[in-house]
Amino acid sequence: MFAKAFRVKSNTAIKGSDRRKLRADVTTAFPTLGTDQVSELVPGKEELNIVKLYAHKGDAVTVYVSGGNPILFELEKNLYPTVYTLWSYPDLLPTFTTWPLVLEKLVGGADLMLPGLVMPPAGLPQVQKGDLCAISLVGNRAPVAIGVAAMSTAEMLTSGLKGRGFSVLHTYQDHLCPEGRQLDIKKSSYKKLSKFLQQMQQEQIIQVKELSKGVESIVAVDWKHPRITSFVIPEPSPTSQTIQEGSREQPYHPPDIKPLYCVPASMTLLFQESGHKKGSFLEGSEVRMIVINYAKKNDLVDADNKNLVKLDPILCDCILEKNEQHTVMKLPWDSLLTRCLEKLQPAYQVTFPGQEPIVKKGRICPIDITLAQRASNKKVTVVRNLEAYGLDPYSVAAILQQRCQASTTVTPAPGAKDSLQVQIQGNQVHHLGWLLLEEYQLPRKHIQGLEKAPKPGKKK
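The opening residue of the sequence shown carries number 1 in my numbering; numbering runs sequentially from there.
These are computed hints drawn from the structure, not numbers from a lab. For glycine and all other residues, C-beta sits at the position ideal for the given N, C-alpha and C. Possibly wrong hints are sitting among the right ones.
As the list claims (entries may be wrong) - Label pairs and their calculated CB-CB ranges:
1. His225 - Leu157: 31 to 39 Å
2. Gln402 - Lys378: 41 to 49 Å
3. Lys297 - Glu104: 54 to 62 Å
4. Cys365 - Arg227: 56 to 64 Å
5. Arg141 - Ala220: 34 to 42 Å
6. Leu75 - Gln405: 38 to 46 Å
7. Gln405 - Met289: 49 to 57 Å
Said to hold, decoys possible - Lysine-lysine pairs mimicking DSS-like chemistry, simulated, CA-CA at most 25 Å apart:
8. Lys343 - Lys445
9. Lys105 - Lys129
10. Lys77 - Lys4
11. Lys52 - Lys360
12. Lys278 - Lys306
13. Lys4 - Lys105
14. Lys445 - Lys360
15. Lys21 - Lys77
16. Lys310 - Lys57
17. Lys322 - Lys278
18. Lys361 - Lys330
19. Lys15 - Lys4
20. Lys162 - Lys105
21. Lys162 - Lys77
22. Lys379 - Lys297
23. Lys306 - Lys277
24. Lys4 - Lys57
25. Lys45 - Lys57
26. Lys77 - Lys361
27. Lys297 - Lys343
28. Lys57 - Lys15
29. Lys330 - Lys343
30. Lys343 - Lys277
31. Lys224 - Lys296
32. Lys258 - Lys361
33. Lys224 - Lys258
34. Lys209 - Lys224
35. Lys379 - Lys52
36. Lys195 - Lys162
37. Lys258 - Lys278
38. Lys360 - Lys343
39. Lys105 - Lys15
40. Lys310 - Lys330
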């Protein structure tokens with residue numbers, strides 16, 4: 001899912017109520033975690049952010065980030081741990097083992113095939129189809145990926161360990177995975193450094209000497225100890241990026257926005273002959289061709305005037321108003337096609353460079369620029385709906401702050417769920433228009449409020 005770069009929609013600090021809800025959701029999703037462990041995973045006071053993003057295939061994903069590390073992500077209302085969380089709680093999920101060379105394939109987006117599994121002496125963990133599982137490498141207990149079992153353990157064995165075993169969702173070194181982070185001993189199972197050192201000394205990996213009261217020093221390390229020689233750190237992938245790198249400013253290319261039409265229930269009879277049903281999405285040219293072909297196939301073109309089309313019962317029901325049912329018998333081609341388009345539900349398709357098209361019902365909201373009065377009668381410029389066009393409000397705010405030499409703030413947009421607005425001090429519509437039209441090359445028809453720019457010679 002994160003094998004390719006994603007697009008960040010928003011990055012906000014979590015609210016207290018959302019933090020409590022997340023704890024409850026974690027408790028429900030992972031019942032083996034104790035209360036203390038849930039509190040450690042979702043801390044009460046430490047910084048915790050909610051990052052909403054679109055994966056490269058268009059999936060909407062919510063990522064929870066603590067201390068710069070992604071700890072959980074949510075997809076289609078299902079909560080999943082990241083590899084960082086599994087390093088702290090390695091027994092959270094049933095774990096299957098594969099060979100180190102397989103990791104590169106998984107990071108590249110491949111699923112885990114059953115021939116790549118390593119059969120442990122105790123046998124494979126018992127799972128059912130659809131269960132969430134961890135994947136680790138031979139010689140290293142730390143999980144490197146999570147995935148969903150494509151079949152039960154019994155079916156895996158019956159198949160002779162052939163076929164696809166796991167649909168991989170997230171791996172170490174993918175684009176979700178920040179690198180170079182330090183281990184926080186408080187978030188490990190040891191909790192304290194003294195306990196960690198004591199355990200390592202008991203296993204004869206290190207020798208610890210107390211130099212003075214409360215001051216301990218590692219005086220020897222057995223570098224040939226099996227626990228050390230078997231420890232493997234996979235080579236960093238050139239494609240690995242941190243969340244910050246995944247969301248950093250790249251050369252912006254405007255999306256391709258195409259208007260579409262959606263077939264409602266009232267129009268299905270007209271479109272079913274062409275193989276379309278309720279909910280089908282069509283371009284305007286496709287609608288015109290379907291209507292023309294329907295009229296010709298059913299001999300509805302007026303024999304005396306080719307510019308007129310006779311209305312059969314289906315056309316009457318689909319495009320005429322009730323008071324026209326018995327009075328309008330024919331329509332000109334242009335009127336027929338216009339009425340047909342008006343009766344269809346509006347929709348649109350947005351295609352960002354290098355990503356799969358995203359189709360939505362309704363009309364895309366334009367970037368909305370308004371002026372407002374604040375305290376002391378000061379004017380501010382407010383811009384909304386940047387996210388719909390692939391623009392990060394925080395990046396836009398930073399650019400405008402520098403260019404306008406004015407303060408900017410990013411706040412939740414009133415009345416709009418999961419949307420942000422940028423506020424700039426003063427009338428900055430001119431700067432904003434130049435940024436959107438000239439630099440970002442967005443079509444003017446998708447921006448409203450440009451006329452509010454100050455007129456030459458007038459004070460902003």
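Against the structure, the hints:
no.	hint	in the structure
1	His225 - Leu157: 31 to 39 Å	35 Å, holds
2	Gln402 - Lys378: 41 to 49 Å	20 Å, violated
3	Lys297 - Glu104: 54 to 62 Å	56 Å, holds
4	Cys365 - Arg227: 56 to 64 Å	57 Å, holds
5	Arg141 - Ala220: 34 to 42 Å	24 Å, violated
6	Leu75 - Gln405: 38 to 46 Å	42 Å, holds
7	Gln405 - Met289: 49 to 57 Å	54 Å, holds
8	Lys343 - Lys445	23 Å, holds
9	Lys105 - Lys129	22 Å, holds
10	Lys77 - Lys4	22 Å, holds
11	Lys52 - Lys360	18 Å, holds
12	Lys278 - Lys306	31 Å, violated
13	Lys4 - Lys105	13 Å, holds
14	Lys445 - Lys360	19 Å, holds
15	Lys21 - Lys77	13 Å, holds
16	Lys310 - Lys57	45 Å, violated
17	Lys322 - Lys278	22 Å, holds
18	Lys361 - Lys330	31 Å, violated
19	Lys15 - Lys4	30 Å, violated
20	Lys162 - Lys105	17 Å, holds
21	Lys162 - Lys77	31 Å, violated
22	Lys379 - Lys297	61 Å, violated
23	Lys306 - Lys277	29 Å, violated
24	Lys4 - Lys57	9 Å, holds
25	Lys45 - Lys57	34 Å, violated
26	Lys77 - Lys361	22 Å, holds
27	Lys297 - Lys343	22 Å, holds
28	Lys57 - Lys15	29 Å, violated
29	Lys330 - Lys343	18 Å, holds
30	Lys343 - Lys277	15 Å, holds
31	Lys224 - Lys296	85 Å, violated
32	Lys258 - Lys361	12 Å, holds
33	Lys224 - Lys258	63 Å, violated
34	Lys209 - Lys224	20 Å, holds
35	Lys379 - Lys52	31 Å, violated
36	Lys195 - Lys162	44 Å, violated
37	Lys258 - Lys278	20 Å, holds
38	Lys360 - Lys343	17 Å, holds
39	Lys105 - Lys15	38 Å, violated
40	Lys310 - Lys330	4 Å, holds
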